[in-house]
Structures are given as structure tokens and as C-alpha cells.
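Now for the letters of each chain:
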Amino acid sequence: MNETPKVIGIVASPRHGGNTDLLIDAMLAEAHAAGAAVEKIHLGDVDLRFCQGCERCQETGTCVIEDGLSQVFQAMASSTAWILGSPVYVHAPTGQCKAFIDRWYGAGSEPFVDKRVALVIPFADSDEHAGERSKVLLEGVLRWKRAEHIATLLAPGVWAPGAVQTREDLLQRARDVGQALVGGS
Amino acid sequence: MTDSGRVLGIVGSPRQGGNTDVLVQEILAGAADAGAQTEIVHLGELRIGACRACNACHETGRCVISDDMASVVELMTRSDAWVLGTPVYWWGPTAQFKAFLDRWYMFDQERAIFRNRKVAFAIPSGGGSSYANHTAGILEEVAAYLGMDHRGTLLAGGAGGKGAVQGRADLMLQARELGQAIAR
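If you're matching them up, the sequences are chains A and B in order.
Residue numbers for the first sequence follow the working numbering, beginning at 1 and rising by one.
Residue numbers for the second sequence follow the working numbering, beginning at 1 and rising by one.
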């Protein structure tokens, strides 16, 4: 692989400095140390509209909605790897995350195919099972979009914003994932 | 039976006249058969933004976002039963529906709005049943967690084209019966 690795972190939590953000920071820092260019995107700051179910993209290959997502898709397409992080809200990924994913329907293949992808799913419940619905949903979509799924970091037991800062176990696993996104192949 | 209460249908599909809309309307028609008053809202017609996780609602009891959620909450509060419909988009409810669901957090301190509230789900999908089952699982877990009175879930798999479910007498009958069950 001669291509310079480039890793994009996509934060689908509405919070800056929350657990999703911090875990992605740990992944990106490690990827950077391993020689990758890194960039972070907060979906909460992107003008992101809902899929309208018009099916036009299935005929023309292009989404009729013009908003901030085209830049996000471009960044993903230009990367070698990306991370998507969403906390669990009401047993599933956040509304922001779901809005993003629904739009993958009209996003073509460039942002996805053969990209090394990691997921990070923090949640308050200390039982890992509480992240399962989100995990199945997100990993299913990645398979469908033919991304190369590298890892899913479930992060149970983190409730208060930034609580993960004292969870060295989770931070270490995040660093390992950051490493894996750059290494190998 | 004159007092079967009020049943609110909430359509979480962006499409009007699509399968979710058709099924929710048929469920409401069943409820009307049983004497209920019914009304319907389409989330795609409304402006309901995503939760910002600011937690202000847990201090003040009010959401800081000023949008159409307030009017839906008013309808929800005055209804005895809710019929919640969403198609399956990627293993889950639509983003419109998920944004709406995330905003329920504003009631998290005082869950009286949910307790014993009758609820039914309508979940059409183009693909196989595993996707629909996953979506139903999410919604049914939420209903159980919040102590709601879950009266049934109508899964409508293989409902391909827009409004195609109208040609499916079996599903339309199930919808009608679910509406009657929720009004009882």
C-alpha cells in the first residue's frame, strides 16, 4: 500500500467533548502517530437533511438533496479508513446518525467500498447487550455497502459527558482500533 | 360502544400515500369501527429536529428546541392510544422517526405520558423479515422499557412499491383488526 493513510472520524453524537468524541479522538491520535493524516467531522455541525424516500437516486445515481453531506461523502471517498461513532439513544443510533445512514442510500459506492471502517458505540448501561441493536444495525449497513469492517468498540457504562476519560480500558481499546485502521493490508 | 377514546396515528415515513401511511390509516379505520375518534400526523410534513443532548429538559422539564414537536406532544397527551408507523430503512426506523423518538427523552423524568398508554406499531418493509424484526425489536423494547401497553405489531414484509400494500387483502385485514384491538 503506497497510498498515504487518511482516517476520518465521524462523530454522530450531538455533543462536543462527549464520550463518542473522546473515543474517536483516541483512535485518531493513534492513527496519526502511525503516520495517517486525520480529520474529524461532527455531524451535529453539518447541514444534514432527511432522506425523502423519492427513489430518484436509484434512477440517476444522484441524490436530489443538496446539503452539507456531499462534503462528508467526499471526505469519506478520499480516505483510506473512517470511524463512525454514535451513542445509544433509545436502543439505537442517534437521530443524527440515522439521518446520515439513511442518506447512504443515494451516496454511491466511493465512500464505502474497500474503506477500512471502525464503529464506536458508547452507552450508559453497564451491560454490553444494551449496545447490541445499534451494533447489528450499523454492521449490517456496512456489509451492505461493502465496506471493510475492522472493529466495533462497544463502550458500556459511560453516562456523564467525558466519563470515558477515566476508563483506561476503553481508551486503550480505542487506541488499538486506531492502530488497526492504519496497519495491515 | 361510544367511549373508545382517541387514537393518534403517527406516520414516520417521508412519503404520503405510501405503505406506512396506508397501513396506519387502515388501523385508524379499524379503531373508528370500534367507536374511537382518530387523528393522524405525518412526521415528514413537520419540522422535528434531532435531540441535542443538552439535558436542559431534565432540569426544567422543557425541551429547548422550538419546533413542531410541541404540537405532536399535545396530540400524544390527549390520545389514549398511539399507532406508530415507520418503514424499515437500514435495519431500523427512518431518521424522521428516530429523531422523533430521541425527543421522547424530554419525558424521561416524569414518564406518566407512557405508562399504560396503548401502542401499536406498523412496520412495512421491502426486504426480508430480519430487517423488519430488528426494527420491531427496537420499538418493542422501547415500549416495554417505558411501561406502555403494547397491543400489537403489524409487520408488512415484501411491501415493495409505493402503496402496494393496498393490494394485500391479508395485511389490510390485519391492520383493521389491530385498530379494533387498540380501541378496546
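Hints may contain errors.
Stated by the list, open to error - Pairwise CB distance ranges (calculated): (1) A:Gly61 x B:Glu74: 28 to 34 Å; (2) B:Ala56 x A:Gly61: 17 to 23 Å; (3) A:Gly61 x B:Glu110: 29 to 35 Å; (4) A:Gln165 x B:Ala34: 52 to 58 Å; (5) A:Glu59 x B:Ala56: 39 to 45 Å; (6) A:Gln165 x B:Tyr105: 22 to 28 Å; (7) B:Asp33 x A:Gly140: 24 to 30 Å.
To be verified - Calculated from the model, a selection of chain A residues having no Cβ within reach of chain B, i.e. all distances over 10 Å: (8) Gly44; (9) His91; (10) Ala92; (11) Thr94; (12) Lys98; (13) Asp102; (14) Ser109; (15) Pro111; (16) Glu128; (17) Glu148.
Note that these hints are calculated values from the structure, not bench results.
Built from N, CA and C at the ideal position, the CB exists for glycine as well.
Inset, instruction - Please write out, lowest number first, the hints stated earlier that are contradicted by the structure. - result: Violated hints: 1, 2, 3, 7, 8, 9, 10, 11, 12 and 13; rest satisfied.
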